[in-house]
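Peer 1: Sequence:
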Amino acid sequence: MFTVDLLHEIEIGTWKSILIHLLRLLFASNREMVEELNSRYRQVPPFGRETIRRVNGNVSDFKRKTAREFEDYLQVALVCFEDLLPEPDNKIVMDLLWDLATWHAYAKLRLHSDSTIASFRVATRVFGDSLRKFVRKTCANFETTELDTERIKRVRRQNRRKEKMGMDTPVDPASDDYQKVSFNPNTLKFHAMGHYADAIVYLGTTDGEHAHIRSKHLWQRTSKNRKFVGQLARQERRHHFLQRTRNREVKSGQNRALRRNFVTSANDSEPLPACDPNEPYQMGSTQRFYEDIPALLAETRDDPAMTDFLFNLKNHCLQRILGNDSTGDFTDLDCQHLTFVSNRIYKHKYLRVNYTSYDLRREQDSINPRTQPDIMMLAGDSDDSDHPYWYGRIVSLFHVRVRHLGPRSRNTSEQKMDVAWVRWYHYDSTYESGWQAKQLHGLHFYPSPSPEAFGFIDPAQIIRAVHILPCFTHGRTEEYLPAESVGRVYQTFDNGQYSVEESDWKYYYINIFSDRDLFMRFRGGGVGHCTTLHHTCAFETDAGVDEQVLPVYDENGNVVEEDTELGRK
1 MFTVDLLHEI EIGTWKSILI HLLRLLFASN REMVEELNSR YRQVPPFGRE
51 TIRRVNGNVS DFKRKTAREF EDYLQVALVC FEDLLPEPDN KIVMDLLWDL
101 ATWHAYAKLR LHSDSTIASF RVATRVFGDS LRKFVRKTCA NFETTELDTE
151 RIKRVRRQNR RKEKMGMDTP VDPASDDYQK VSFNPNTLKF HAMGHYADAI
201 VYLGTTDGEH AHIRSKHLWQ RTSKNRKFVG QLARQERRHH FLQRTRNREV
251 KSGQNRALRR NFVTSANDSE PLPACDPNEP YQMGSTQRFY EDIPALLAET
301 RDDPAMTDFL FNLKNHCLQR ILGNDSTGDF TDLDCQHLTF VSNRIYKHKY
351 LRVNYTSYDL RREQDSINPR TQPDIMMLAG DSDDSDHPYW YGRIVSLFHV
401 RVRHLGPRSR NTSEQKMDVA WVRWYHYDST YESGWQAKQL HGLHFYPSPS
451 PEAFGFIDPA QIIRAVHILP CFTHGRTEEY LPAESVGRVY QTFDNGQYSV
501 EESDWKYYYI NIFSDRDLFM RFRGGGVGHC TTLHHTCAFE TDAGVDEQVL
551 PVYDENGNVV EEDTELGRK
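Position one of the sequence shown corresponds to residue 1 (the UniProt record's numbering), numbered consecutively onward.
Hints may be right or wrong, so weigh each one.
Claimed, not checked - Think about it this way: if two alpha-carbon atoms lie no more than 27 Å apart in a straight line, the pair counts; the simulated DSS-like pairs of lysine-lysine are: (1) Lys91 to Lys133; (2) Lys216 to Lys108; (3) Lys189 to Lys16; (4) Lys91 to Lys506; (5) Lys91 to Lys108; (6) Lys438 to Lys506; (7) Lys63 to Lys108; (8) Lys189 to Lys438; (9) Lys180 to Lys16; (10) Lys108 to Lys16; (11) Lys438 to Lys137; (12) Lys416 to Lys349; (13) Lys153 to Lys65; (14) Lys416 to Lys347; (15) Lys108 to Lys438; (16) Lys65 to Lys16; (17) Lys65 to Lys216; (18) Lys137 to Lys189; (19) Lys180 to Lys137.
Said to hold, decoys possible - Have a look at the derived ranges for each label pair, beta carbon to beta carbon: (20) Val549 to Pro271: 49 to 59 Å; (21) Thr477 to Pro271: 30 to 40 Å; (22) Glu87 to Pro273: 51 to 61 Å; (23) Asp83 to Asn411: 49 to 59 Å; (24) Leu297 to Glu479: 19 to 29 Å; (25) Pro447 to Asp494: 19 to 29 Å.
By construction, these hints were calculated from the structure, which means they are not laboratory data. Note that the Cβ used here is the ideal one computed from N, Cα and C, for glycine as well.
Put together the whole structure using the sequences plus the hints.
Peer 2: Spelled out as structure tokens, the structure:
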């Protein structure tokens with residue numbers, strides 16, 4: 001069995017050919033939809049540390065596109081292609097994109113189990129059915145021709161061929177007619193997709209294909225002769241020595257790093273030192289950037305986002321101070337027993353959230369209220385929905401120094417509390433979504449007069465960042481929050497510059513395909529997600545995980561019962 005090549009066979013292979021033909025369908029249906037597609041891709045927000053990168057050009061141009069860019073196009077394709085084609089072709093295309101994104105996510109998992117392999121085989125079969133339906137029904141409904149870029153390349157090839165033959169009559173690309181082109185799924189690359197599950201079982205996960213990258217980088221720093229093995233080994237030892245030194249500095253030099261940060265300019269970003277990965281989060285402790293609470297309340301008294309701001313903040317702090325002894329319902333007298341030292345809120349620019357990924361690695365997300373503010377956390381007991389998560393957009397990160405002097409006080413000394421001010425999304429339970437529906441989960445903001453629109457949370461409650469995508473079909477609205485509200489911090493990138501978003505999209509989608517950890521959090525069964533496993537049972541049921549018939553092993557690791565459900569022997 002040959003080793004699979006996900007990059008060349010799928011990302012710039014089968015997916016690229018599907019994307020090209022989808023563009024041909026848009027040209028044949030309505031050319032304006034191609035520009036709409038380009039516009040949607042440019043409006044997709046980035047996510048993570050280059051997990052999903054911003055699209056600056058036109059997707060339809062295909063000018064110097066890398067495999068990484070095609071991967072990003074696939075991971076956000078569901079929201080970009082929605083309703084660009086008429087029904088029923090739109091539904092067929094959306095199902096095809098969902099099945100391909102699911103297959104791609106399973107193929108790129110760094111840790112597999114019997115359950116994920118079984119799901120991968122099912123996803124392969126389902127994608128094959130969707131592909132054949134796409135060819136049989138949608139492709140047959142349209143008479144597709146070359147794209148502009150394809151026509152120009154074809155004419156240039158013809159002209160080069162004529163030059164070699166000594167012919168002096170080149171063809172003008174602009175004057176040549178478009179040739180008819182059909183979609184061809186009968187290629188080796190499409191055929192190879194059926195062998196990926198078996199290849200992972202026998203050869204290991206597909207991320208092993210990246211193992212050669214580091215060796216190639218180290219090779220460039222050798223003499224490139226017969227002594228290169230020893231030179232590579234010395235570089236490896238040097239790297240591990242520096243890593244151990246850095247780890248010791250992280251454990252013993254936290255205070256020194258913080259003191260160095262105090263000398264930076266107030267105009268610079270707030271740098272954070274390296275943190276212990278076992279801590280749930282990291283937020284700065286500097287007091288350089290602050291707001292005077294009475295002045296803030298006076299300046300924003302007409303802002304709906306600031307309704308009951310001080311009362312709700314004190315409620316949040318009291319609930320954290322009193323813990324299980326509190327019911328969460330505090331009177332004005334209870335709030336008077338809590339005071340803020342110097343009446344100040346100390347703002348911070350970044351929040352780092354540490355979490356364990358599905359494959360037992362410690363990962364970190366950087367939360368920035370201006371650029372990447374969306375987070376997810378476990379739903380509270382008061383939520384009547386079966387959906388296990390809450391979603392919010394961070395508006396501000398700050399810490400306060402409080403003193404509790406009431407009769408229920410346990411500690412009258414000054415206490416520091418890190419707080420995140422959140423604008424909440426409402427999960428749309430009326431929208432059919434999930435694995436069976438093949439639709440992304442839907443959200444929308446609460447209207448600003450609602451008491452549920454904003455709230456305060458402990459940053460330790462945040463699970464990780466989440467990729468929230470706009471629902472382009474329903475457009476924008478200003479009814480949720482005024483354009484000049486202090487609750488608007490998130491910035492969009494348009495025409496080469498950032499500007500504060502002055503309106504909201506009516507609806508949003510949760511992109512579960514942005515990375516493999518998010519995929520497993522919405523599929524369920526992630527090995528590293530042990531603290532949330534019992535919360536995601538509904539996802540496992542929806543994905544068909546609880547109906548799988550998995551192999552049984554004896555004490556020596558030999559299979560004693562086969563998975564007959566999937567036809568494996």
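Peer 1: Does each hint fit the structure? Answer for all of them.
Peer 2: Comparing the hints with the structure gives:
A C-alpha spacing of about 11 Å is found between Lys91 and Lys133, which places the hinted pair at or below 27 Å, so the restraint holds. Using a Cα cut-off of 27 Å, the hinted pair Lys216 and Lys108 holds, with the two alpha carbons roughly 22 Å apart. Among the hinted pairs, Lys189 with Lys16 is consistent with the structure: their alpha-carbon atoms are about 11 Å apart, no more than 27 Å. This hinted pair checks out: Lys91 and Lys506 have alpha carbons roughly 22 Å apart, not beyond 27 Å.
Distance hint between Lys91 and Lys108 is fulfilled; the C-alpha atoms sit about 26 Å from each other, no more than 27 Å. With a C-alpha separation of about 21 Å, the suggested pair Lys438 and Lys506 falls inside the 27 Å cut-off, and the hint holds. Restraint check: the Cα-Cα separation between Lys63 and Lys108 comes to about 26 Å, which is no more than 27 Å; the hinted pair holds. Distance check on the hinted pair: Lys189 and Lys438 sit about 25 Å apart at the alpha-carbon level, within 27 Å; holds.
For the suggested pair Lys180 and Lys16, the alpha carbons sit about 19 Å apart, so the restraint of at most 27 Å is met. For the hint linking Lys108 to Lys16, the alpha-carbon distance of about 17 Å falls within 27 Å, and the restraint holds. Using a Cα cut-off of 27 Å, the hinted pair Lys438 and Lys137 holds, with the two alpha carbons roughly 19 Å apart. Distance hint between Lys416 and Lys349 is fulfilled; the C-alpha atoms sit about 17 Å from each other, no more than 27 Å.
The hinted pair formed by Lys153 and Lys65 meets the criterion: a straight-line CA distance of about 15 Å does not exceed 27 Å. With a C-alpha separation of about 13 Å, the suggested pairing of Lys416 with Lys347 holds against the 27 Å cut-off. Our distance criterion of 27 Å between C-alpha atoms is met by Lys108 and Lys438, whose separation comes to about 20 Å. Of the supplied pair hints, the one linking Lys65 and Lys16 holds, its CA atoms being roughly 10 Å apart against a limit of 27 Å.
Taking the CA atoms of Lys65 and Lys216, the gap is near 23 Å; set against the 27 Å cutoff, the hint holds. At most 27 Å may separate the alpha-carbon atoms for a hinted pair to count; Lys137 and Lys189 meet this at roughly 22 Å. Distance check on the hinted pair: Lys180 and Lys137 sit about 18 Å apart at the alpha-carbon level, within 27 Å; holds. Checked against the hint of 49 to 59 Å, the pair Val549 and Pro271 passes, with Cβ atoms roughly 53 Å apart.
Checked against the hint of 30 to 40 Å, the pair Thr477 and Pro271 passes, with Cβ atoms roughly 38 Å apart. At roughly 55 Å, the beta carbons of Glu87 and Pro273 sit within the given window of 51 to 61 Å. At about 57 Å, the beta-carbon gap between Asp83 and Asn411 stays in the expected band of 49 to 59 Å. Roughly 25 Å separates the CB atoms of Leu297 and Glu479, a value that falls within the hinted 19 to 29 Å.
Between Pro447 and Asp494 the CB atoms are about 26 Å apart, so this pair conforms to the stated range of 19 to 29 Å.
In summary, the structure agrees with every hint in the numbered list given earlier.
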